[in-house]
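Novice: Protein sequence lines correspond, in order, to chains A and X.
Each step along the first sequence adds one to the number in the working numbering, with nothing skipped, and position 457 is 457.
Each step along the second sequence adds one to the number in the working numbering, with nothing skipped, and position 88 is 1088.
Bear in mind the hints are in silico, worked out from the structure with no lab data behind them.
We put the beta carbon where it would ideally sit given N, CA and C, even for glycine.
None of the hints are false.
The list that follows gives simulated cross-link-like pairs (lysine-lysine, DSBU-like), each with its CA atoms no further than 30 Å apart:
#1 A/K443 x A/K469
#2 X/K1171 x X/K1137
#3 A/K45 x X/K1171
#4 A/K126 x X/K1171
#5 X/K1137 x A/K599
#6 X/K1137 x X/K1059
#7 A/K564 x A/K469
#8 A/K564 x A/K599
#9 A/K599 x A/K469
Selected chain A positions facing chain X (Cβ under 10 Å, derived; list incomplete):
#10 S85
#11 A109
#12 A112
#13 N237
#14 R303
#15 K341
#16 G397
#17 S400
Label pairs and their calculated CB-CB ranges:
#18 X/E1096 x A/L366: 54 to 64 Å
#19 X/D1115 x A/T294: 51 to 61 Å
#20 X/E1096 x A/I575: 45 to 55 Å
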Amino acid sequence: MASGPAAVRPPLRFVLCGAVDDGKSTLLGRLLCDCRQVFADQMRKVEEDSRRWGTRGDQADLALLVDGLRDEREQGITIDVAYRSFETARRRFIVADAPGHEQYTRNMATGASNADLAVVVADARKGILPQTARHTRIAAMFGIRHVVLAVNKMDLVLWDRSTFEAVADGYRSLARDAGVEQLRIIPVSSLTGDNLTCRRESAAWYSGPTLIEHLETVDVESSIERESFRMPVQYVNRPSPDFRGYSGRITAGRVAVGDRVRLSPSGAETVVESIVVWQGARERAERGDSVTLTLASEVDVTRGDVIAEAFNPPGVTDQFQANLIWMSDRPLVVGRSYLLKIHSREVTATVTRIKYRLDVSRGSRLAGATLSLNDLGTVNIATNRPIPYAPFEQYPGLGSFIMIDPINNDTAGAGTVNFALRRASNIRWQDFHVTREARQELKLQRARCLWLTGLPASGKSTIADLLEKRLHAEGHHTYLLDGDNVRHGLNRDLGFTEADRVENIRRVAEVARLMVDAGLIVIVSFISPFQSERAFARGLFASGDFSEIFVDASIEVCAARDPKGLYARAMRGEIRNFTGIDSPYEQPANPDLHLDTEKLGPEECAELILRRLV
Amino acid sequence: MSGKGESSGRTDRSSAHWLSALESEAIEIIREGAVTAARPVMLYSMGKDSSVLLHLARKAFWPARPPFPLLHIDTTWQFREMIAFRNRMVVEAGVELLVHVNREALEAGADPFADGSERYADVMITEALRQALDAGKYDIIFVGGRRDEEKSRAKERVFSFRDAAHQWDPKAQRPELWSLYNTRVQQGESLRVSPLSNWTEADVWRYIAAEGIPVVPLYFAKKRPVVEREGQWIMVDDERMPLQPGEEPRLLPVRFRTLGCYPLTAAVESGADTLEAILAETLATHDSERRGRLVDHDGDAAMERKKRRGYF
Ligand SMILES: Nc1nc2c(ncn2[C@@H]2O[C@H](COP(=O)(O)OP(=O)(O)O)[C@@H](O)[C@H]2O)c(=O)[nH]1
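Make the full structure from the sequences, and use the hints.
Specialist: Here it is in structure tokens:
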């Protein structure tokens, strides 16, 4: 069949942004309408809604076509990014309509992360606002090289050329400073539709393309020829002993059957045996394809490894510099552990240093001890395990990451890798000759960590004490880490805020890990109320080295036992953040051992642990 | 407003390229959900989106089978052809099928004709879904939602967080960047995952045609017995449907753009009895597909309200 007009380009994903009230929603509504992408029933609905919420008297308020959430219509603002598909005879578009309010900047980042181009809307009367600058810098940080500035509401300045030029000049220097490579500036009126899809004849001083013409023809593809093959392994597909495939989406380059590839971080080299797809196989595949590869030799590959061209594999690091946008209400805490997800690999990471915070409207660098909601900054990050990576500029798929707060699982930050601070190979974990195996052998035992969690007064300390006595009597080498005792020394500097509680657990877990490495049987007696923290602790140990023991008693029973009188004080309000009273305790979902201390005595509990877990 | 028709079939090469990009993205999403889930499940409603979803799941894990069961929320009022289709597809795909019916409500006499569409859907779909999800303790739930369906859905994330009460808080969505999905949940919480987020209705039909995916015959125009109610054509699928005085079913060539419970799903008059004709009709149509869903007309922001409560 005919392939249509010669100028057909691959679909364009763009983000629409700019300060609130500059007219983004109206612009998009008008664009959809003029490209005849609005269904009749949707239009009837908008006319109805306009009478209720509209800002344009009896006229249909086209912004209501895109402001979808109830709160958005009620408040007349855009809260979250909306995705819209539309097409013209020449191209197909996916637009992310981003909110303008500063408090929703993180949603703008969401929209920018998957866009190839940004359309920034500015009100001709107001010019470049701080939020215009912020959006431009975020767009640049997320690798958007093409920007269009739509100078909107030109009808309100009577299409005055010098007003337009003043805004354009101001924006040009901002764009240069932010690192925008390709810039196009177009005067428009979203209200009348001029220069969106049809030209404003009376403003002949503007001779450039209309917005839609530009969007239809702009070329944003980066060349695949200059890339090396990279595919993060997402999933190991092993339905039977005789098939072992590695599934993933190719983030860069091409691959063909017979190509030599290298696994990262292990460095093992092998050959692509086949490219498996549904009910068959292919000879080659390229960037963007989801495939399953089989490899010629038995190599050890897990999720999070990267399969790459053998002669040019990606770097591996555990410390790098990155640009970071903070998206959580809870400010970034330097030194705290977060989960970091980069391509398909999840590791634990800490920000070791904030180099500077960015003043987004001026582009200047500020000193800062933290990043708060919507702040942008440049930071150093250390990970607990080495990761295959690439600078974001070279390989966006290997250089972008998110940070997750382990306390509440929020996506707290998003960043792009600038460069590695040192290659992981230089700082490999120092292997000493006396190993853990040697140490535990000398002690005639298997080292492990027994982690007791439960409400205050549930019986953890009593059981832990009995358990250690029994182990000791049997000739084992043990150590007991008790929550209260640790707070007198190692963790004396920590209080009871959430950040401190996390740090408290992190230190204890790390100490327990070192002691297990020393060959000891470590008993930890810690309230550890949060699932995520216990999961973090477990994550530090090899499987089988860590057992979670739930010391269970109802809050009523604990409060009645109350050996230290703490419940009574908490209930009188004399102690704040007391677990079980005004701070939650999350019960373990799948503990290795569940002890019901309302039915079992302390001796029986200790006995059970010995029998089941040691 | 008219005239999207001129663009149909114009650029076969670019459209094939686009479909393959959508497919790769969806497969990536399905794999990511499955590998990070403790208990994944895929909702299956026999609609065209479900059919595409199941097809993609089979592709994602080939040569293995999808590592999760399908879950059908059975209201007992689906079109009969849909159930026959379901039973056939489950065998073909070799997947486990779980069926859940809100028995208590049924025994208490829930009835789409007597109750009104909103109350009925609330009980037999939303409530039933909640029961099934609670019982199965699923943490990743694949659904067939598309952002072009409706305005509040246009704002929903691909991995959309639900609290322990299955509620969606549109104002507190997790930022979702690149294809780095945050799949972490705590006990009782879950994620609704929509691999078809970026697809349009036309993409779905193009893909069905390109891949030869089986769909329920009700999508194709045929003479069917219908009655007119509030300006919409409702099919008389079985004898449970009470006819109003003077109502006489007529045989008209109709088809369905979406499928659900027959009393709540309106047909459109159409002669489109091939995939090509359906695609042409989709591209030229003046109304959005949700117009055929009576539930969505129940009031303003109906969809968002339902989703806040856990409707899918
Ligand atoms: N006169 C005029 N008004 C406009 C134009 N574009 C938007 N507006 C009005 O500016 C206000 C804010 O627009 P809206 O699209 O909601 O802005 P958003 O917050 O950027 O989405 C509304 O009252 C619009 O009707 C324009 O080109 N000319």
